[in-house]
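**Student:** Each chain, written out:
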Amino acid sequence: MPDRCLRWTQSSVRHDTFLDNYSPFQTTKELELDSCTILNYNLSAIPNHYMKKLIPVLKLVEWEAVLWLIGLVYLLFINPYQPQHYTLCPFKNMGITFCPGCGLGRSISLFYHGDLLHSLKAHPLGILAFFLILARMTKLFIKMYFNFHKTKEVTYG
Amino acid sequence: MANVLELLPEIMGDEQFYIGGLFKNMDDKQAQQFANIYRTRRKDPQTILLVTLVGFLGIAGIQRFLTDQIGLGILYLLTGGICMIGTIIDLVNYKKIAFEYNQNQANQLSMMVKNM
Numbered sequence: 047m048p049d050r051c052l053r054w055t056q057s058s059v060r061h062d063t064f065l066d067n068y069s070p071f072q073t074t075k076e077l078e079l080d081s082c083t084i085l086n087y088n089l090s091a092i093p094n095h096y097m098k099k100l101i102p103v104l105k106l107v108e109w110e111a112v113l114w115l116i117g118l119v120y121l122l123f124i125n126p127y128q129p130q131h132y133t134l135c136p137f138k139n140m141g142i143t144f145c146p147g148c149g150l151g152r153s154i155s156l157f158y159h160g161d162l163l164h165s166l167k168a169h170p171l172g173i174l175a176f177f178l179i180l181a182r183m184t185k186l187f188i189k190m191y192f193n194f195h196k197t198k199e200v201t202y203g
Numbered sequence: 121m122a123n124v125l126e127l128l129p130e131i132m133g134d135e136q137f138y139i140g141g142l143f144k145n146m147d148d149k150q151a152q153q154f155a156n157i158y159r160t161r162r163k164d165p166q167t168i169l170l171v172t173l174v175g176f177l178g179i180a181g182i183q184r185f186l187t188d189q190i191g192l193g194i195l196y197l198l199t200g201g202i203c204m205i206g207t208i209i210d211l212v213n214y215k216k217i218a219f220e221y222n223q224n225q226a227n228q229l230s231m232m233v234k235n236m
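Chain order of the listed sequences is A and B. Under this note's numbering, residues 47 to 203 are what the first sequence spells out, in order. Under this note's numbering, residues 121 to 236 are what the second sequence spells out, in order.
If we strip away everything but chain B, and leave its shape as in the complex, we get (with noise of 0.2 angstroms):
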């Protein structure tokens, strides 16, 4: 069976354990193809956290653009993050927002991967 550590060294803690409970599912060569494309879809918690201290410089919101909620980006960019109070919310939060879009990504993907 394939190992998280091995194919996906880079993520870490709550992905670590989502992205290994799918691995069970697999065999080695859907493992080894999930994880390569997992890796250039998945966002990095560090880049959504970068990005949302750029809402203090005025432009709030990108890290929900990024991680497809076009509608509340939209509200924070217009809004400048309301009044920062939803950038500070975002910053203490980031990990979660990083890893709801993430786990999305990893179960499309693991479909895609088991009927290919």
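The following block holds chain A by itself, in its conformation from the complex (with noise of 0.2 angstroms):
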């Protein structure tokens, strides 16, 4: 057995006595011991090794973070006052003029340009949106954060 998998197979010890913790790698015993005979024996199997082990990495991202941050880089690159611009929004697309939410991305991006008057003009509620999303996206990172730490511990040592 090459020195890799042994030490694999002592964080998979170890990892037993760390289960009362909490972990998405909680079934990384096996996943661990099969990785050393598949690297082994069967080098053609690694791409679906990878893929299992990537899979509960992707579970810990907060993918709704995410979006609430694509969306507010989104809006630092368009042009407020441009009169017409593409929309998502499902109610303009089907011909109804009146819309709730409709003017939210105007706002939040004339607040980035400081024109705080057109801001309250174009959705009133605009800025409190913004400190909302905001709020809300620092508190999954951190979580997510935290998250990431825990699990190292644990499956680590």
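For the record, the hints were derived by calculation from the structure and aren't laboratory data. Backbone N, C-alpha and C define an ideal beta-carbon position, used for all residues, glycine too. Mixed in with the good hints, there may be bad ones.
Stated by the list, open to error - Selected chain A positions facing chain B (Cβ under 7 angstroms, derived; list incomplete): (1) Glu110; (2) Ala111; (3) Pro129; (4) Tyr132; (5) Ile142; (6) Gly147; (7) Leu150; (8) Ala175.
Hey, can you piece these two chains together into the complex? The hints should help.
**Tutor:** Structure follows, in structure tokens:
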């Protein structure tokens, strides 16, 4: 057995004592033993092994926070003074003019530009929405950071 | 040691692992007490899903009120779920929203039960 595999098995034995902590890696004991045999005997199965490792990590990512971040960063690059722009709003696309949410993006974008008066005119809740989304996003990212930290401790002692 | 499947058969997935982890530090009586209170306090992911779907009828953001995120709830309510985009995000994300709330409740509850 190569050194690396020995280390893996040791960590999986240690891992057993840490099972009382919650972790999505809880099934890694079998996975790690599998990966040892895979590395030794069957090289073609490695991509599958990486997928098995990757999926628990992807589960830890807070996609909601990532989407909020993409939205807020996207609003940094649009021009709020443009009269017409591409819209995702289903009401507007169906031809209904009344929509309570429209103008929110423009409002936040105007807020970035420091144009508070026009921002409130575009949508009165724009500035509040920006801070609420920012708070939620920060909370989720902090939670995610601690989750990653915890699993590292759990899996590698 | 208490078994999650016996005491709380209705919970699944991540939540089950999490509660199982909490049960390791409790004795049988504490676990029983925990299960009784937790069952009344937790939010079912299915409830969150159904309530999120109500957002398409015009009243969006009830899921955020139910899971103690009042600020975002008001924002969703007054903007039609941010032009329905927020509602669709929550529709994809409903399990995580419910789990986050349940995790907080479970943490508080386990502290309470241990101090009793």
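**Student:** Compare the structure with each hint and give your call.
**Tutor:** So, going through the hints one by one against the coordinates:
{"no.": "1", "hint": "Glu110", "in the structure": "holds, 5 angstroms"}
{"no.": "2", "hint": "Ala111", "in the structure": "violated, 10 angstroms"}
{"no.": "3", "hint": "Pro129", "in the structure": "violated, 19 angstroms"}
{"no.": "4", "hint": "Tyr132", "in the structure": "violated, 13 angstroms"}
{"no.": "5", "hint": "Ile142", "in the structure": "violated, 11 angstroms"}
{"no.": "6", "hint": "Gly147", "in the structure": "holds, 4 angstroms"}
{"no.": "7", "hint": "Leu150", "in the structure": "holds, 6 angstroms"}
{"no.": "8", "hint": "Ala175", "in the structure": "holds, 5 angstroms"}
Of the hints listed earlier, those the structure fails to meet are numbers 2, 3, 4, 5, in rising order.
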